[in-house]
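J.: Residue numbers (my numbering), protein chains in the order written: chain G, 1 to 346; chain H, 1001 to 1346.
Because the hints were derived from the structure by calculation, they are not lab data. Only a predicted model underlies this, so the values are computations on that prediction, with no experimental measurement involved. Treat the hints with caution; some may be incorrect.
Which residues of chain G face chain H? A partial, calculated answer using Cβ under 10 Å [what the hints assert, rightly or not]:
1. HIS103
2. GLN121
3. ILE125
4. LEU130
5. SER137
6. LYS138
7. ARG145
8. ALA147
9. TYR149
10. SER154
11. ALA161
12. THR162
13. ASP290
Backbone N, C-alpha and C define an ideal beta-carbon position, used for all residues, glycine too.
2 protein chains.
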Amino acid sequence: MGQKDSSRILDALHSRRDLVNQRLTTHLDTIGPAHLSDASNHLFIAGGKRLRPVVCLIAAETIYNQDLSPFPYENLLDYSGSSINMLDAASSLELIHIFTLIHDDIMDDDDLRRGVPSVHQKFNINTAILAGDILYSKAFETLGRCAEYSSNVSYALTSLATVCSDICEGQALDVQFGNANLVSIEDYLQMIELKTGVLFAESAALPAQLLGQPPEVIDALYTYGLLAGKAFQIYDDLLDLTTPSSTLGKQRGSDLSEQKQTILTIHATNAGVDLSSFVQEGDSSPSESDMDSLVEALEDSGTISYVHGLSQDLSIQAKQQLEILPSNHSRELLSDIVDLFCQRDH
Amino acid sequence: MGQKDSSRILDALHSRRDLVNQRLTTHLDTIGPAHLSDASNHLFIAGGKRLRPVVCLIAAETIYNQDLSPFPYENLLDYSGSSINMLDAASSLELIHIFTLIHDDIMDDDDLRRGVPSVHQKFNINTAILAGDILYSKAFETLGRCAEYSSNVSYALTSLATVCSDICEGQALDVQFGNANLVSIEDYLQMIELKTGVLFAESAALPAQLLGQPPEVIDALYTYGLLAGKAFQIYDDLLDLTTPSSTLGKQRGSDLSEQKQTILTIHATNAGVDLSSFVQEGDSSPSESDMDSLVEALEDSGTISYVHGLSQDLSIQAKQQLEILPSNHSRELLSDIVDLFCQRDH
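Chain G extracted, bound-state conformation (with noise of 0.2 Å):
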């Protein structure tokens, strides 16, 4: 991908990006008291790309398939007529990735997020665990009310429950998969699919349930959704060891000096490479000549080259997905989203 294609999509994901920040101002405003209002709402002041609800947004797009500017948004018209605000059911889908955010940071004592400390640093656990509770129900109240009450708000509200259900249980084998010494690249596998995959699965198929769109096309964005979701955190766990931390914005390779299982962790193991020779216990900050050598040994493991390879699979099989779909613009910016997140360099 060209440095113009990139900049080009770049600018299609900032624009919707900040209607989604609009809206998503509204409802965080209607959290009370203040110091759970400022709690709630410290994580997305920080910035962020709002990828799952731009994501919706734009598959929202992609099925509505009439090539309308400025894009209505605010009142879709579903099969029978009724008005859905996709800008409310999109937010909805931030609000549920926030919360996970605060509630994971306590979990993993992570001090940072993107670029200020995490909500339990600046304020305190007890205030962390609520913002994160009032985000999860502001989440549901958001999508409830994206339309009137109707059968497919409910399937949609029950699916996005569903996802919350994964997500917790993908957080849990998270954790214990850290005190775990051996663990399948399957099982890893499975793990990321409930913490990352399936939000973004529902991110790209809530517009299909909430417009009332047949199965098919329901499972091909979810699918999309998850495979592409599956592919980035891969991608992900790859950037952090290969990408200089003055670029990454955070320590370069905390993941392993955290001890985190890691697809890159996970497969080095297996192929004999001997990783706590290159990071101490408890060095917090490894140097980069040491992960540079890391890198190099799992270049020798076939390590980089197995997840690079995986991640670019997944994003095929997902963009593959988007075929039973109208062809638009809009088609092929989902398709762009993924390359520009599996290839980009940090």
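Fit chain H to the supplied structure of chain G, relying on the hints for placement.
T.: Chain H alone, transformed into the frame defined by chain G:
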């Protein structure tokens, strides 16, 4: 209320509680992996009255208004002939309740709950956060699946989500009041309405929402639950001080020694009682005789009779809401429950 009346009402509650427990077991069994399942089941296994789901079932019987034995909770027909599983709907309320207990115990650092160690004590804080989170989403899943997807289900789901946001705000106010010197009785009543009242309100209103009853029926049941919930909480505050520890099953006066604001401490402080003279700072278990002296002082200040009177007033107002409903045995039971819980000794 006589001994005989009480035991008749308790029998009626227990038979419905047993049905709820059976159904809840099925839903809790879907949680994995093992350690998350254990933590999520911990407080359910420890016991509990299941008062919220039981109120839901009795409200369903009242508005269904058919003398059927056994009552078909799992197959109630709404106005359009769609089948609703009210045991699933009722279960969702207990799942929400247990979630709030688990997270509140972390925030309040309470070690005991339902006679067993709290979840974060038995497991750890991270597992307790996650157990609460998954019970939260399971509640929405369970409610979402109580019927074919319909507009009534989406209305009920959105209403439950709104109630959860209120609960979080109530908990935030409760934490905030802990650090405040002056809390008014109005502010305190607003806090318990959010923290405790709204879930009782939703418990009573949920069957009417799902069965597509007219707004005035939904509102009456919601208000019944809201007032009854506040009456229960205020009466609980009273019992915490006036009942011996051995009968209470927990430390008598624990609210006071934890320096929590309750309606009693607020009224007494306003009336010029110096509460600090009865409990030493850091004294986690005030003696029975200290508590007896305090109760005497609160009788002199008019606090006991004020709080008792308020809980009785709220009870009467709650029961008046029921007049709009069909007159039947179940309606009487909704009324009797209020008396039972606002006249009990412990």
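J.: Find the hints from earlier in the document that the structure breaks and name them by number, from lowest to highest.
T.: Violated hints: 2 and 13; rest satisfied.
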